[in-house]
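J.: What follows is each chain in one-letter form.
There are 2 protein chains.
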Amino acid sequence: MGGMRTRLASFVPALDWLRTYRRSDLAADTLAGAIVAVLLVPQAMAYAMLAGLPPEVGLYASIAPLVLYALLGTSRTLSVGPVAVVSLLVASGLAQFGALEPSEALGLAALLALAVGVVQLGMGLLRAGFLVNFLSHPVVSGFTSAAALVIAFSQVEHLLGISVPRGHAPWESITGTLARVPDANPTALAVGALALVLLVLHPRLSAPWLERRGAPDWLQALVPRAAPLFVVVLGTLAAFTLGLPERAGLAIVGAIPSVLPRPSLPTLDMSALKQLATTVMAISLVGFLESYAVAQTLATRRRESIDGSQELVALGVANLGSALFGGYPVTGGFSRSMVNFGAGARTGVASIVTAALVLLTLIALTPLLFYLPRAVLAAIIIVAVLPLVDLAAARRAWSYSRADGAALIVTFVAVFVLGVELGIILGVVFSLVVYLSRSSRPHLAVVGRVGDSEHFRNVERHAVQTSDGLLAIRIDESLYFGNVRNLEQRIHERVAADPKLRQVLLIASGINFVDVTGLECLELCATTLARAGVDLHLAEVKGPVMDRLERSGFVDQLGRDHFHLSTHEAFGKLGAQPEQAVVE
Amino acid sequence: MGGMRTRLASFVPALDWLRTYRRSDLAADTLAGAIVAVLLVPQAMAYAMLAGLPPEVGLYASIAPLVLYALLGTSRTLSVGPVAVVSLLVASGLAQFGALEPSEALGLAALLALAVGVVQLGMGLLRAGFLVNFLSHPVVSGFTSAAALVIAFSQVEHLLGISVPRGHAPWESITGTLARVPDANPTALAVGALALVLLVLHPRLSAPWLERRGAPDWLQALVPRAAPLFVVVLGTLAAFTLGLPERAGLAIVGAIPSVLPRPSLPTLDMSALKQLATTVMAISLVGFLESYAVAQTLATRRRESIDGSQELVALGVANLGSALFGGYPVTGGFSRSMVNFGAGARTGVASIVTAALVLLTLIALTPLLFYLPRAVLAAIIIVAVLPLVDLAAARRAWSYSRADGAALIVTFVAVFVLGVELGIILGVVFSLVVYLSRSSRPHLAVVGRVGDSEHFRNVERHAVQTSDGLLAIRIDESLYFGNVRNLEQRIHERVAADPKLRQVLLIASGINFVDVTGLECLELCATTLARAGVDLHLAEVKGPVMDRLERSGFVDQLGRDHFHLSTHEAFGKLGAQPEQAVVE
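So the sequences go chain by chain: A and B. Throughout the first sequence, residue numbering follows the numbering used here, covering 1 to 584 in sequence. Throughout the second sequence, residue numbering follows the numbering used here, covering 1 to 584 in sequence.
Hints are computed from structural coordinates only; laboratory data are not their basis. Among the clues, some could well be false.
As the list claims (entries may be wrong) - If the Cβ cut is set under 7 Å, some of the chain B residues that face chain A in the computed set are: (1) Q220; (2) I363; (3) S437; (4) A445; (5) D498; (6) S509; (7) E520; (8) R531.
As the list claims (entries may be wrong) - Away from chain A, derived, C-beta distances all over 10 Å, residues of chain B: (9) G243; (10) I306; (11) L432; (12) Q489; (13) L519; (14) L558.
Fair warning: this is a prediction, and the values are worked out from it, not measured in the lab. By construction, the Cβ of each residue, glycine as well, lies at the ideal position given by its N, Cα and C atoms.
With these hints in hand, go ahead and build the complete structure from the sequences.
T.: This is the structure in structure tokens:
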């Protein structure tokens with residue numbers, strides 16, 4: 001029984017905190033959940049629009065996924081739902097299909113959520129979360145900055161009240177938008193500009209004002225974060241009372257069905273899935289990475305811990321839930337999670353409260369949003385994403401290391417030129433090539449004896465004794481296919497350069513692992529050295545490495561007497577005439 | 001002057017050995033060159049046929065490239081020319097264009113050689129030879145075995161005297177061939193089978209026989225290797241005298257133009273180049289890898305050395321030469337280089353002799369080859385490639401490490417199912433994922449003090465003293481984007497598990513490099529640990545790493561007193577109450 005309960009609790013971490021849940025927790029969670037809901041409702045609609053979907057899809061994606069993550073996730077304060085970057089990836093994935101009927105777009109969005117859910121769940125069960133390690137900081141940073149700019153630019157058409165055909169690459173859409181600036185609708189522009197100003201100023205003015213007035217804490221927490229809600233209410237009222245859509249052609253959200261769709265699985269269109277494969281992989285990895293990074297940061301602050309595989313399972317199930325209820329891909333977002341944490345959320349109950357409030361909005365309040373101007377939603381998106389543009393990161397990465405800076409810039413530029421998915425793929429390939437180039441030269445040191453001691457140090461840094469005819473090389477890294485050929489080459493070069501050389505001693509103290517390419521290079525090296533009259537010896541081979549070499553037959557091939565426990569022992573047996581090394 | 005001569009000699013390594021060239025060298029080189037020519041002429045025609053090209057293209061590719069490599073290469077005994085695996089890649093690249101007119105195929109083949117030449121020359125000048133490190137032994141081995149089988153199967157149609165439409169994937173061609181077995185031409189089959197038997201038996205019978213008879217050395221070296229030439233002569237005579245083409249429909253080579261084509265650049269068809277991009281990259285890398293491995297092995301035996309970048313330059317120029325003279329991509333081949341070396345070649349003059357003899361054959365002897373049966377060429381290919389199938393390597397890699405074995409098998413299967421280029425790409429991706437999965441968990445050891453000494457060892461292996469509230473972790477690997485998140489997570493887990501923890505000491509003695517992802521993780525780690533009331537310290541940071549951390553501002557952010565020269569010093573300052581560690 002106990003074992004089963006533990007196993008169940010490891011799959012449903014909520015069981016853990018529910019057992020000790022107290023009334024004071026409920027109060028804190030309710031307040032935080034409400035504050036997040038106030039932020040989430042307008043953002044969810046805006047992000048759905050960004051993804052090229054009707055606004056209600058954003059609300060659908062903000063109910064079931066939140067509840068499922070709250071039950072299955074290991075972070076107690078992560079806020080799951082529609083986020084900007086994932087919405088952009090969805091938009092880019094759907095753009096491949098050209099002009100879509102609304103019902104087709106809905107079907108494909110749910111299909112994407114389903115596929116992302118399956119991939120994340122699978123990665124979680126296979127414990128393959130390490131795959132996000134492919135995404136280095138410079139690549140993520142370059143991608144995020146570029147994506148934020150692309151997102152902001154994509155909203156300019158709504159701010160201007162124009163419609164721009166989608167290009168293949170973001171820079172085409174941007175130039176397309178710029179070319180149509182003269183056709184701007186002045187009303188849309190005015191409404192959008194006003195919304196932008198309010199969104200920027202409201203939190204900066206209201207927070208100090210409330211503090212000066214000694215307002216209660218919950219009000220101080222709520223009001224500054226309600227800016228998106230305020231502009232939604234104000235914009236809707238203005239559009240309705242002034243009759244802006246009819247009189248000035250202002251684009252509005254229109255009718256939103258006020259029911260949650262009946263659960264249904266999206267149609268499994270295999271050819272569409274094939275076309276969406278890159279998008280699915282990009283959303284699965286980028287979504288998990290963003291979510292995991294936030295969850296990790298928040299958990300550490302309270303000395304809680306996060307399990308990567310269980311996070312993948314939880315996000316996967318959340319996406320399956322989104323697919324089932326007509327939503328689109330979701331993940332844990334940075335800004336809303338920070339708000340949730342900052343507002344005092346203690347457990348997943350906060351997210352369940354948020355989901356309940358979104359459901360309430362959907363059922364009861366959507367008719368009120370009929371007149372919500374699209375320009376207001378565009379302004380909400382722009383203000384939400386612009387802080388993600390981090391040019392300082394580029395300067396910083398470049399000054400720290402040219403290779404890292406280049407990876408960031410390559411990714412940034414590639415996103416604009418090639419598109420969001422290809423951009424991130426090129427960034428990943430570039431950073432892998434840079435890494436491989438770096439790790440292809442393993443760190444080696446030719447060593448000699450320090451005085452008469454048992455210590456051996458780099459001949460280039462210390463005055464040490466070497467032996468004539470003996471070359472002792474300390475290898476400071478594990479041997480794998482990426483670096484072993486370079487080792488081989490450097491040994492061969494030294495052998496070719498020194499005709500007196502009779503023995504090569506490899507000091508393996510830094511080798512934690514030798515893969516089969518490494519093994520075969522060692523074997524080949526031993527054979528070709530032997531043909532050239534040079535003996536290969538090894539010292540300080542670690543236990544697990546020795547076991548493998550033994551099993552492979554290499555130990556017998558080379559001869560057991562060619563393996564030495566310590567460098568000291570090897571020098572004693574091999575070195576004949578010690579001579580003072582020339583310090584280079 | 002001296003400087004210029006050295007610089008010239010580093011670009012034209014031949015100048016180096018030409019200065020000391022002696023008459024005895026010439027005798028040795030001439031014999032070796034002639035032996036290689038005897039092997040090369042039939043192989044070159046056969047491999048051109050394998051690539052889907054007329055046989056003379058193989059001869060064109062066996063003249064200029066040999067001379068150019070002899071002048072520019074750093075290996076003195078490498079034999080450059082058409083090889084089986086590259087020919088297969090050419091065939092697979094050309095197959096994308098469907099049925100081609102002979103002149104179109106010639107143009108595309110020369111274009112491929114041009115592009116491969118440019119890529120290899122560029123990689124050489126940029127010193128990007130490390131890119132071949134992407135190809136691990138298991139991937140190369142799986143690829144080579146599968147390619148050899150695909151090549152052998154592709155020749156079955158010529159042995160059977162039938163013609164099979166090319167499928168997209170090798171397995172489709174294979175099943176296509178098997179389905180047409182009943183249509184076999186008995187004469188072709190008989191000629192092919194006889195050629196196979198002769199090719200296998202001739203070297204095995206003639207070598208001991210010549211040795212017993214005390215034949216001169218050069219005859220003992222020449223005759224067993226002339227098997228392909230013998231079957232060409234016998235097959236041609238049989239086809240001519242018995243009138244097999246006319247009477248039994250035996251497919252023959254037919255007319256070969258007996259002039260070297262005038263040098264001309266292939267047409268630069270950009271859309272064709274785009275379609276051939278994968279093929280170009282695969283040939284450039286696989287070709288260089290094969291060539292470099294052979295050159296390295298041969299050079300070490302004579303204590304000569306090889307320069308990877310210059311090798312790329314030399315191969316690149318050899319391919320440009322091939323393109324200019326109507327050839328197709330070439331590289332240094334394993335078996336002919338071994339023959340060249342074994343026959344006593346001392347310098348590139350041997351290859352120049354080979355090229356002269358191929359040119360002579362082309363000009364004077366091709367009319368004699370009109371009746372050469374294609375089934376004989378097919379037999380030559382099959383006997384040449386079957387030894388490349390190395391099933392023992394799969395068993396060996398699997399028993400050494402499951403991951404390496406899986407990489408080999410994945411590549412092998414993928415070549416049959418997806419095709420040769422996609423097969424090798426999938427293998428590379430698979431081995432990178434495996435490597436990343438392995439390196440994503442950096443090797444860490446929690447350490448404590450050995451007795452009262454200044455030595456610190458792993459708490460899991462030694463009885464050592466630790467300090468309450470202090471966690472000391474030795475990091476045995478460089479920190480980069482692939483492994484740093486795992487480090488962060490393991491630290492956070494330990495902090496979450498031990499509420500008494502107040503200090504974390506990272507011992508950086510094994511860290512040779514920290515990339516910007518590593519730096520940012522360290523910074524984030526320091527900040528989140530501080531919020532949780534834990535201080536981060538570092539000890540034994542290497543000089544170059546410290547310089548970078550200093551420049552980045554991390555040293556000031558953390559506080560200079562958080563960096564310690566030695567673990568001993570850090571323990572002295574940080575550790576309060578030492579307690580006996582529990583040995584796990």
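J.: Of all the hints numbered above, which does this structure not satisfy? Sort the numbers upward.
T.: 1, 2, 4, 5, 6, 10, 11, 12 and 13
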